[in-house]
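Hey, can you work out the whole structure from these sequences and the hints?
Residues per chain are reported as follows:
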Amino acid sequence: MAAEALVELENVHFSRGPHPVLAGVDMRIPRGAIVSLMGASGGGKTTMLNLMAGTLAPQSGRIRVAGQDLQTLDFEGVYRLRRRMGMLFQHSALFTDFSAFENVAFPLRRHFRLDESILRKLVLMKLEAVGLRGAAGLMPAELSGGMGRRVALARAVVMDPMLIFYDEPFTGLDPISVGIIATLIRRLNDALGATSILVSHDVQETFSIADYGYILAGGKIIAEGSPEALRASDSELARQFLGGQPDGPVPFHYPARDNYATALTGSAAAGEVI
Amino acid sequence: MAFLDFVPNLGRQVLLTIPNLGAAARFLLRSLVAVINRHFSIQQLLKQVYGFGVRSLLLMMVAAFFTGMVLGFQGYYALVRFGATSALGTLVALSLLRELGPVLTALLFAGRAGSALTAEISSMKATEQLSAMEMMAVNPFAWVVAPRLWAGIIVVPILCAIFDLVGIFGGYLISVPVLGVDGGTFWAQMQSNVTFSGDILTGLFKALCFGLVVTWIAAWQGYAAQPTAEGVGNATTRSVVTASLAVLGLDFILTALLFT
Ligand SMILES: Nc1ncnc2c1ncn2[C@@H]1O[C@H](COP(=O)(O)OP(=O)(O)O)[C@@H](O)[C@H]1O
Ligand SMILES: [Mg+2]
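Residue numbers (our numbering), protein chains in the order written: chain A, 29 to 302; chain B, 1335 to 1594.
Hints are computed from structural coordinates only; laboratory data are not their basis.
These numbers were taken from a predicted model, which means no experiment stands behind them.
For glycine and all other residues, C-beta sits at the position ideal for the given N, C-alpha and C.
It is possible that part of the hints are untrue.
[Said to hold, decoys possible] To give an idea of the interface, some chain B residues facing chain A are shown, with a C-beta separation under 10 Å as derived from the structure:
#1 1442
#2 1446
#3 1454
#4 1463
#5 1464
#6 1467
#7 1471
#8 1473
#9 1477
[To be verified] Computed from the model, here is a short list of chain B residues facing chain A with C-beta under 10 Å:
#10 1373
#11 1457
#12 1458
#13 1460
#14 1462
#15 1466
#16 1470
So this is what it looks like as structure tokens:
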């Protein structure tokens, strides 16, 4: 971890109403690395990506990206910074009324006035990189889940970003697509000289490409280190998460009110437990 | 019981609506000023104008035609008792231009284009398309909301003008060939009693206000929807109901203010 940090979080607090999501998070993302962020669903991983992209602002703490303090930047400054970031969304988020080609071309068209022939070349190059040059003319509805994810990936990197966010890129994909996406994440990161932050539950696949990892639980970072170090971690929480044990410091049972009889027989509130 | 619940329920609804109104007003302001954002595009605006127009034109024309024909019948029935059927052209035209044209256009627009707009924006939100835009440093207000809002403001008066014309034609078809009112009198009376600024512009101004309100409500309901499949459905229903009531309420206020 000697390399210079591209992203730094310092004692970041964020809450939604009375409910704290992040309670003092410190992180350091070194330039050029793929850093994974793992944690339970609803734990605040997506929130953290949004904080780093400046789409949400923390209640307290500091976030620095490429040497700039997000809290002191104005709207224009954040937008300028964001043009050098790419995000692959959990549900691909392709524009449904645009073809694959136009989806990838969208950021280029909005930010630059390019010759149509140059634009074509740039877009097809990125589609080629994800293996979907042939699917350029297809609409999002005609793409399979894995293909959609790859088109979204091409769109996320079409501006040659310095920082790429991946929000659960493996979720809902077949094993072959998972392998393809993982390879692409590593390859694109190194080819573009970018830095990647990878949110995922898929321990196996994530550790095969990540250089460093953080584990988030209860609004705090409870473990960090290289994949090997994390696997060898003696933190019970980290072991429970990485090993996928149902019970441990994070309890299997959602706190019940009285006894399971009331939960089974009935009220709407109890029904929500499932 | 139901009645006793009604008053506190109404109170709660009002109290819940007030903070939302502030947010909705900010939303409107942001969307209106987004025309000066560099990601606002005239091309997108024209595309929306065309989309709204195509979606509602035929519906408007059919509705206007029937409305005009009914006005012809009912007007004749009322006027013939006073031997005043020569005023039928005036009656049909004034009813349409001042009242029925703007209101019915706006109500149909809310049901057809407004609901589609709410569904479109709320699904864009639910599928993270708006967030994706934001991440690509493209302001969704400039690219998505503003063109649709301005398109609504432009399109509804145009649709209203078409509604008026088709309606008057429908009224003519019933009055003159069917009921035997003199054609020359029908048009001449209309021409001398309808004023451009007092009747035609007033009606089109109403339509413009309705266009703004309906599109605003539709876009806002979409933008504020819960980002789930159920949320999209709820927002669409709410959009039509709220927009229709708003049109009728606003119509009363505008009529009272513009009444001369
Ligand atoms: N738009 C929102 N409004 C209110 N609460 C939200 C919103 N987005 C997320 N949350 C809440 O914030 C918490 C963290 O969510 P998120 O960052 O999406 O978790 P993760 O990505 O780790 O699954 C969750 O409790 C979630 O319910
Ligand atoms: Mg998430």
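How the hints compare with the structure:
1. 1442: violated (24 Å)
2. 1446: Nearest chain A Cβ about 19 Å off; hint violated.
3. 1454: Holds. Min distance 9 Å.
4. 1463: holds (5 Å)
5. 1464: Holds: closest Cβ of chain A sits about 9 Å from residue 1464 of chain B, inside 10 Å.
6. 1467: Nearest chain A Cβ about 8 Å off; hint holds.
7. 1471: holds (4 Å)
8. 1473: Because about 8 Å separates residue 1473 of chain B from the closest Cβ in chain A, which is inside the 10 Å limit, the hint holds.
9. 1477: Residue 1477 of chain B check passes; min Cβ-Cβ to chain A is 7 Å, inside 10 Å.
10. 1373: holds (6 Å)
11. 1457: holds (8 Å)
12. 1458: holds (8 Å)
13. 1460: holds (9 Å)
14. 1462: Holds, about 4 Å.
15. 1466: holds (4 Å)
16. 1470: holds (4 Å)
In summary, the numbered hints that this structure violates are 1 and 2.
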